[in-house]
Amino acid sequence: MNKNHIRLRVFSAAMTLVLALGPAIGVYAEEAAATEAPAEAAAEAEAPAEATPAEAEPTIPLEELIPTNATEGWPKAENPMADYACLMDADTGAILLNKGMDVQSPPASLTKIMTCLLAIENGDLDAQVTMTKTGVEYAISGSSNLYTQVGEVFTLKDMLYGVMLKSANDFATQVGEYIGGGSLDTFINMMNERAAELGCTNTHFVNACGMPAEGHVSSALDMALISREALKNETFREIVSTAVYTIPATNMTEERIFQNHHPFITDPEWIYEGTIGGKTGYTDLAKSCLATYVQKDGMTLISVVLHDEDSQAMRADSKKILDYGFDNFTHGRVDLGDAELVSGGVISLPKGAASEDCTEEMTEGTDADGNAALIYSYSWHGYPVGEAVMAKETFDAVEEEKAAAEAEKAGETETTEEAETTEESGENEEAAEADDKKADAAVEEDREAAADADSVTLPFGITMQRTAFFAIAMLTMLILIGLILVILSALFKKK
Numbered sequence: 001m002n003k004n005h006i007r008l009r010v011f012s013a014a015m016t017l018v019l020a021l022g023p024a025i026g027v028y029a030e031e032a033a034a035t036e037a038p039a040e041a042a043a044e045a046e047a048p049a050e051a052t053p054a055e056a057e058p059t060i061p062l063e064e065l066i067p068t069n070a071t072e073g074w075p076k077a078e079n080p081m082a083d084y085a086c087l088m089d090a091d092t093g094a095i096l097l098n099k100g101m102d103v104q105s106p107p108a109s110l111t112k113i114m115t116c117l118l119a120i121e122n123g124d125l126d127a128q129v130t131m132t133k134t135g136v137e138y139a140i141s142g143s144s145n146l147y148t149q150v151g152e153v154f155t156l157k158d159m160l161y162g163v164m165l166k167s168a169n170d171f172a173t174q175v176g177e178y179i180g181g182g183s184l185d186t187f188i189n190m191m192n193e194r195a196a197e198l199g200c201t202n203t204h205f206v207n208a209c210g211m212p213a214e215g216h217v218s219s220a221l222d223m224a225l226i227s228r229e230a231l232k233n234e235t236f237r238e239i240v241s242t243a244v245y246t247i248p249a250t251n252m253t254e255e256r257i258f259q260n261h262h263p264f265i266t267d268p269e270w271i272y273e274g275t276i277g278g279k280t281g282y283t284d285l286a287k288s289c290l291a292t293y294v295q296k297d298g299m300t301l302i303s304v305v306l307h308d309e310d311s312q313a314m315r316a317d318s319k320k321i322l323d324y325g326f327d328n329f330t331h332g333r334v335d336l337g338d339a340e341l342v343s344g345g346v347i348s349l350p351k352g353a354a355s356e357d358c359t360e361e362m363t364e365g366t367d368a369d370g371n372a373a374l375i376y377s378y379s380w381h382g383y384p385v386g387e388a389v390m391a392k393e394t395f396d397a398v399e400e401e402k403a404a405a406e407a408e409k410a411g412e413t414e415t416t417e418e419a420e421t422t423e424e425s426g427e428n429e430e431a432a433e434a435d436d437k438k439a440d441a442a443v444e445e446d447r448e449a450a451a452d453a454d455s456v457t458l459p460f461g462i463t464m465q466r467t468a469f470f471a472i473a474m475l476t477m478l479i480l481i482g483l484i485l486v487i488l489s490a491l492f493k494k495k
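Residues 1 to 495 (my numbering) make up the sequence shown, in order.
Bear in mind the hints are in silico, worked out from the structure with no lab data behind them.
Treat the hints loosely; a few may be bogus.
[To be verified] With a straight-line Cα cutoff of 25 Å, these simulated DMTMM-like cross-link-like pairs (lysine to aspartate or glutamate) come out: (1) K392 to E364; (2) K392 to D338; (3) K166 to E269; (4) K409 to E399.
[To be verified] Just the calculated beta-carbon pair ranges, DEER-fashion: (5) D396 to I271: 46 to 52 Å; (6) A439 to T415: 31 to 37 Å; (7) E423 to A339: 36 to 42 Å; (8) E255 to T359: 55 to 61 Å; (9) A354 to N233: 30 to 36 Å; (10) A403 to N192: 43 to 49 Å; (11) Q295 to G352: 19 to 25 Å.
Given the structure is predicted, the values throughout are model-derived calculations rather than measurements.
Glycine residues also receive a C-beta, built at the ideal position from the N, C-alpha and C atoms.
Make the full structure from the sequences, and use the hints.
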């Protein structure tokens, strides 16, 4: 065999290897660059003499693409390039922006958010975990991994940093098997059960790392719900906010140093103020995905974009969505008096709106621990903006206090009314008495006037009734007449 034949066979073998590995590299890369379609077709077809222009695709109204825009008075959002997006207020659970957030789509490495959450909730971070064939099999060349070896030992804590910052598929899978008690299938069942507990309705996990697999799906809303729960955990927040992490040398390899994949933390061109962290993801099927958590201006927002065009579009969409949230919304508080709440009590409102503008509805239910509770739901122009959860026993106590207060108030009102009635009665009696006195005075005045009219004033200030005066006068006249007659009779006798 001559040298040319040998060279030809080597070249053919190399090309075959490249073609075989090419699709795998493209499918499993965490941050693979978007590929462009070839400029020329494999075969050219002769165009017809008169080509008919293609009809333009119908334009979908923005309110249909982004249903939140249809809410009366709700700030209007621009259309993200991502096919699916969700902006959630982590403090209230309110959805500020929705673009196909309930549509199922492969979540790629955003899957690892659930893997990390379950490991923190069910594992000991200081535990020693030994790599097995299960995990190492996911250390596929071209995928995101830490090239571990069977028998290599790590702490669970170091592995979780590798899962979230490096997006290591081998670590995520091994963590799953470890937390599942030696069974990856058990762990995957745990993932699906936990998702259901959190209210996820479009999620079904098939693996612990997000590698492409039939039936491995989620949605932008479900990933936001899982992220919201994870953010309640301080260990999770500490992990995703770390920029650079070092795994010490193990029993088989030297130390490993890697940085956070999230561009808002480590990319100078995309640093975003207040970023807590998040998770990147990419496969050819899922396209570019990004979950981001930001805390500023008194709010914590979660943005999730799925099936975005490329890593640049993913970054731009996430920034645009977060800017929309912080620029247009604020928090309000509900008024339930001094009653202690189990959770909630804060609502999301467009800037300039007031809590009093919201509608309140109360239903009986349970709190996060399964205890009987009253759930107060608040909506703004019919759109949910938050809730408040009160323990049933607290509600009963509050109602008793209200009843007692109302009874006391009613008693005070009755006492006041009685006092007012008594006072009014007294006033009426006083008025009647005064009227009687006035009447008596008037009568007395009339009597005095009448007496004045029947009296005669004599010399020396002597006052006498006219009748008596005339009687005395008549008597006096009679006496005088009698005396005169006596005198005259005596004079006649002498003559």
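Checklist entry - Of the hints given before, which are not true for this structure? => result none
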